[in-house]
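Q: Chains as they are written, first to last, in the numbering used here: chain G, 1 to 113; chain L, 1001 to 1551; chain W, 2001 to 2166.
Hints are not guaranteed to be accurate.
What the hints assert, rightly or not - Heads up, simulated BS3-like pairs for lysine-lysine below, C-alpha to C-alpha not over 27 angstroms straight-line: (1) L:K1392 / G:K15; (2) G:K36 / L:K1472; (3) L:K1381 / L:K1392; (4) G:K15 / L:K1429; (5) G:K36 / L:K1473; (6) G:K78 / L:K1473; (7) L:K1502 / G:K78; (8) G:K15 / L:K1037; (9) L:K1037 / G:K78; (10) L:K1381 / L:K1472; (11) W:K2064 / W:K2079; (12) L:K1165 / W:K2040; (13) L:K1248 / L:K1165; (14) W:K2079 / L:K1248; (15) W:K2064 / W:K2040; (16) W:K2021 / W:K2064; (17) L:K1429 / L:K1502; (18) L:K1472 / G:K78; (19) L:K1224 / L:K1013; (20) L:K1037 / W:K2040; (21) L:K1429 / G:K78; (22) W:K2021 / W:K2079; (23) G:K78 / L:K1224; (24) L:K1473 / L:K1248; (25) L:K1080 / L:K1037; (26) L:K1037 / L:K1165.
Unchecked claim - Every beta carbon over 12 angstroms from chain G, so not counted as near; a handful from chain L, in silico: (27) P1096; (28) R1097; (29) A1249; (30) P1260; (31) G1341; (32) P1411; (33) D1414; (34) V1535.
To be verified - If you want the footprint, here are the derived chain L segments under chain G, 3+ residues with CB under 8 angstroms: (35) 1023-1031; (36) 1253-1259; (37) 1473-1480.
Please keep in mind that the hints were generated in silico from the structure rather than gathered at the bench.
Positions of the beta carbon are idealized from the N, C-alpha and C atoms, including for glycine.
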Amino acid sequence: MAAPSARMLTANRLKDGAVLYWKAGAWVEAFEDADKFADAAQAEAALSDAQRFVAANAVVNPYLFDVRVEADEVHPVKEREIVRAAGPSVLRAPARETSERGNPKPERSEYEI
Amino acid sequence: MYRYDEFDARFVKERIEQFRGQVARRLSGELAEDQFKPLRLMNGLYLQLHAYMLRVAIPYGTLRAEQLRMLAHIARQYDKGYGHFTTRQNIQFNWPRLVDAPDILCELATVEMHAIQTSGNCIRNVTADHFAGAAADEIEDPRPIAEIIRQWSSLHPEFSFLPRKFKIAVSGSPNDRAALKFHDLAVEIVNNDAGDIGYRVYVGGGMGRTPYIGFVVGDFVAKKDILSFLEAVMRVYNEEGRRDNLFKARIKILAHALGPEEMRRRVGIEFDEIRNSGTLALPAEELARIEAYFAPPAFERLSDEMPEGDEDFTNWLSTNVAAHRAPGYAIATISLKPIGGVPGDATAEQMEAVADLMDRFDLSEIRVSHEQNLVLPHVRKRDLPSIHARLKELGLATPNAGLVTDIISCPGLDYCDLANARSIPIAQKISERFADLSRQHDIGELKIKISGCINACGHHHAGHIGILGVDKKGVEHYQLQLGGSGAEDAAIGEILGPAFGKDEIVDAVERVVGAYLNLRAPGERFLDAYRRLGVTPFRNVAYGEDLHAAY
Amino acid sequence: MPLIRNGAFVEDRFFFVPDGKAFPDEKGVIVTLARFLGEKESLFAHRALVGVRLASNENPAALKADLARLSVVALEFPKFRDGRPFSWARMLRTRFGYAGEVRATGDFLYDQLAFMARVGFDAWEVRQDFALEDFRRAMGEITLAYQPAADGRRTVRELRSFPLSP
């Protein structure tokens, strides 16, 4: 059975570009805390409501995006939204040389969401 | 290098105040976003996935230590402690706030830096050979004419609303280290038969959705006429470049649609009129005045003997140190590609430490290459061991310049609003896969270039191995192309076939490299083997039966 | 529509007449290029003040022979991103020596005004709520020019060579 899908609403804050998510008529920074809309009409209504924040020069470019709901977890469908929610996947590995023979294995966890 | 006079300083100051006004009007709502966007772009400020991104200009890739320190300060004060050096010799900061942007520009202005025209549909940063003024094979240092072009193109009232961006590169050597033929317009310093020095002008190169190699539109333009000639090209482009389709708006589309003969004819008409009017004549005194800024340091009489060192030093010498035109000197490449690292990134601490190194060894300038490394152009050979030792402490001595782990990569979907796929993790994985240095030396020269989308900021079309991130039904995939080159033998890479999944691409690259090692003639580079053998043997190994992505 | 000319609001002596419409009795008229080319002699015969509006894809070279008799050339910005009128204005001034009014009409930004003045515009059809103070401020934001255009302003290079000249 396919995971049920929902939509969420996001934008960037004008003054610093921070990623924001819609929650109950306002914006939060944490993806986990934001509203999930199972209902398309609700999602569209929220997007409409969000326009007042554009008019007030608080946010830019609000838009809806798809998420998957699985058990207790909500995941964006598109890689782009995963990255927006979690930040760059890139880990700044400490600089190392290759003077040793063989592959130096970095210590880092695999990025996953 | 060039130093601002009172006019340059005032110009930048006024520009900052103008931008401060624009930001204020945006925050107050007087300017809507679609009106503000072209204005902030012309000041180098993008809105990306997570935050704004500020692209600071580094004209023709040249910096003083003081400027490098300021970049470190900006990274620390206004950003997250690092910056990214780009394929156009600029630097990008990934986390500035819009409200801070005018202050950041103010601070940059104190060291004669700015972010003017690093984005927008205008003439962008003029890039140049990163070995300028130092390479033994150079006819003339291209940076004086690059500086003259920079000034002429700054807030040019006629050409600030072009159909699309416009990128210019300049080179003074027959060995093209500036990727001239992939630029909208390029200026190559050449000799004519009489032994005069003038400019060969190329037009219509470009990467992106429809890559093209530029063609010659001016065989030999006299020095005094070069600005008249450039203005002629710009006018033809401004008037006739396509404005109906964003993806067909670059001059490469116009130039190749018209063809070389017709393009030369149209440019010729404008050129004749502008030259005859005399308004843009470049007097020899002015060129000499600018050249004086770029006079090389007084080279001492030094022994040309290369000092010896340990195995690490010897390895580093073999790849990262190039011949200099003055005896006793060398050109040193500081690799920003540590194994598993983010290509082209440097921390504030690293930048400051390199600035200190420059002071300690009396090095007045440093360069940014379009391959996302730093270059010290005038190093005394006798200082190389000490410099290497210090770079090693800083994690900046990776001995891989030009080797397979010297990867060029755009920021990709980790940062960029335009991207389809992440590019940096792929670069990191390839780097780790090929980390073994003896293997890297066995492979030899191999330029891998990765772009996260068709905008091709990673220059993948010019990679010996090029990788393009694509979006297939919301999932990241990677298209492989082979045989590109950004040098004077410019070529666009050939696509191998269907894209690979993100867990497959690194294996595919390794198989391609393996095929090269099996099939090469003695001493043959990857690129040469590819040109001799054609795509088929590589295509066959890339798509092993059990290994290509299912669709 | 308010008109700014020579740095002040002025009465607009011209009326744009769309193709196919009749001309008003008074006032100068501005017509499209197509109409001008078709009705040129009758226009000049019956009107003292004649002007042409060029679309952004129309090269003013088409008016070369008639410029001496034209009181105004209006250059249209269909969208502020369309930068062709900057070249058209400059060519009118420097190549054809046009001394009449070069007027901007359509969609352009406050932030383009200074560029427009440099390439030879001297009149602007602006929004109803546009403040003259903004026009003056726009003109003064950048006082230096690195390159020649059409306004005869001394470039930075000239200022460097002759700093004390008037």
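Q: Take the hints in turn and mark each one as holding or not.
A: We went through each hint and held it up to the structure:
1. Taking the CA atoms of K1392 (chain L) and K15 (chain G), the gap is near 40 angstroms; set against the 27 angstroms cutoff, the hint is violated.
2. Taking the CA atoms of K36 (chain G) and K1472 (chain L), the gap is about 25 angstroms. The hint holds against a cut of 27 angstroms.
3. Annotation: proposed proximity of K1381 (chain L) to K1392 (chain L) holds, straight-line Cα distance about 17 angstroms (limit 27 angstroms).
4. Under the criterion of a C-alpha separation no larger than 27 angstroms, the hint pairing K15 (chain G) with K1429 (chain L) is inconsistent with the structure, at around 36 angstroms.
5. With a C-alpha separation of about 22 angstroms, the suggested pairing of K36 (chain G) with K1473 (chain L) holds against the 27 angstroms cut-off.
6. For the given pair, K78 (chain G) sits about 9 angstroms from K1473 (chain L) by alpha-carbon distance, which is consistent with the 27 angstroms threshold.
7. Taken as a hint, the K1502 (chain L) and K78 (chain G) pair is honoured in the structure, with Cα atoms around 15 angstroms apart against an allowance of 27 angstroms.
8. Taking the CA atoms of K15 (chain G) and K1037 (chain L), the gap is near 14 angstroms; set against the 27 angstroms cutoff, the hint holds.
9. A threshold of 27 angstroms between alpha carbons decides the hint, and for K1037 (chain L) with K78 (chain G) the separation of about 26 angstroms falls inside it, so the pair holds.
10. At most 27 angstroms may separate the alpha-carbon atoms for a hinted pair to count; K1381 (chain L) and K1472 (chain L) exceed this at roughly 51 angstroms.
11. A hinted pair counts as satisfied when its Cα atoms are at most 27 angstroms apart, and K2064 (chain W) with K2079 (chain W) qualifies at roughly 26 angstroms.
12. Of the pairs offered as hints, the one joining K1165 (chain L) and K2040 (chain W) is violated, with about 39 angstroms between alpha carbons and a cut-off of 27 angstroms exceeded.
13. Of the pairs offered as hints, the one joining K1248 (chain L) and K1165 (chain L) holds, with about 12 angstroms between alpha carbons and a cut-off of 27 angstroms not exceeded.
14. For the proposed pair K2079 (chain W) and K1248 (chain L), the alpha carbon gap of about 18 angstroms is at most 27 angstroms, so the pair holds.
15. Our distance criterion of 27 angstroms between C-alpha atoms is met by K2064 (chain W) and K2040 (chain W), whose separation comes to about 13 angstroms.
16. Between K2021 (chain W) and K2064 (chain W), the direct Cα distance comes to roughly 26 angstroms. Compliance with the 27 angstroms bound is thereby established for this hinted pair.
17. A hinted pair counts as satisfied when its Cα atoms are at most 27 angstroms apart, and K1429 (chain L) with K1502 (chain L) qualifies at roughly 10 angstroms.
18. Only pairs whose Cα atoms come within 27 angstroms are accepted, and K1472 (chain L) paired with K78 (chain G) is accepted, the gap being roughly 11 angstroms.
19. In summary, the hint linking K1224 (chain L) to K1013 (chain L) is not supported, as the alpha carbons are separated by about 30 angstroms, beyond the 27 angstroms threshold.
20. Using a Cα cut-off of 27 angstroms, the hinted pair K1037 (chain L) and K2040 (chain W) is violated, with the two alpha carbons roughly 42 angstroms apart.
21. This hinted pair checks out: K1429 (chain L) and K78 (chain G) have alpha carbons roughly 22 angstroms apart, not beyond 27 angstroms.
22. Between K2021 (chain W) and K2079 (chain W) the CA atoms are separated by roughly 25 angstroms; this keeps the pair inside 27 angstroms, and the hint holds.
23. Taking the CA atoms of K78 (chain G) and K1224 (chain L), the gap is near 54 angstroms; set against the 27 angstroms cutoff, the hint is violated.
24. The straight-line distance between the Cα atoms of K1473 (chain L) and K1248 (chain L) is roughly 25 angstroms, inside the 27 angstroms bound, and the hint therefore holds.
25. Restraint check: the Cα-Cα separation between K1080 (chain L) and K1037 (chain L) comes to about 24 angstroms, which is no more than 27 angstroms; the hinted pair holds.
26. Pair hint K1037 (chain L) plus K1165 (chain L) holds up; C-alpha atoms about 14 angstroms apart against a cutoff of 27 angstroms.
27. Annotated as non-interface, P1096 (chain L) brings its C-beta within 12 angstroms of a C-beta of chain G; the closest such distance is 8 angstroms.
28. Not every CB of chain G lies more than 12 angstroms from the CB of R1097 (chain L), the least distance being 4 angstroms, so the non-interface label is violated.
29. Separation of A1249 (chain L) from chain G is adequate, the least Cβ-Cβ distance of about 23 angstroms exceeding the 12 angstroms criterion.
30. Remark: the non-interface label on P1260 (chain L) is consistent with the geometry, its nearest Cβ contact in chain G lying 40 angstroms away (cut-off 12 angstroms).
31. With a cut of 12 angstroms on Cβ distances, G1341 (chain L) falls inside the contact zone with chain G, its closest approach being about 5 angstroms.
32. A beta-carbon of chain G is positioned within 12 angstroms of the beta-carbon of P1411 (chain L); the least distance is around 8 angstroms.
33. The claim that D1414 (chain L) lies off the interface is violated: its Cβ sits roughly 4 angstroms from the closest Cβ of chain G, which falls inside the 12 angstroms cut-off.
34. Taking the minimum C-beta to C-beta distance to chain G, about 29 angstroms, the non-interface status of V1535 (chain L) holds against the 12 angstroms cut.
35. Taking a C-beta to C-beta cut-off of 8 angstroms, the region 1023-1031 of chain L contributes 4 residues in contact with chain G, enough for the three needed, and the coverage statement holds.
36. Under the rule that three or more residues need a Cβ within less than 8 angstroms of chain G, the assignment of the region 1253-1259 of chain L is violated, with 0 such residues.
37. Taking a C-beta to C-beta cut-off of 8 angstroms, the region 1473-1480 of chain L contributes 3 residues in contact with chain G, enough for the three needed, and the coverage statement holds.
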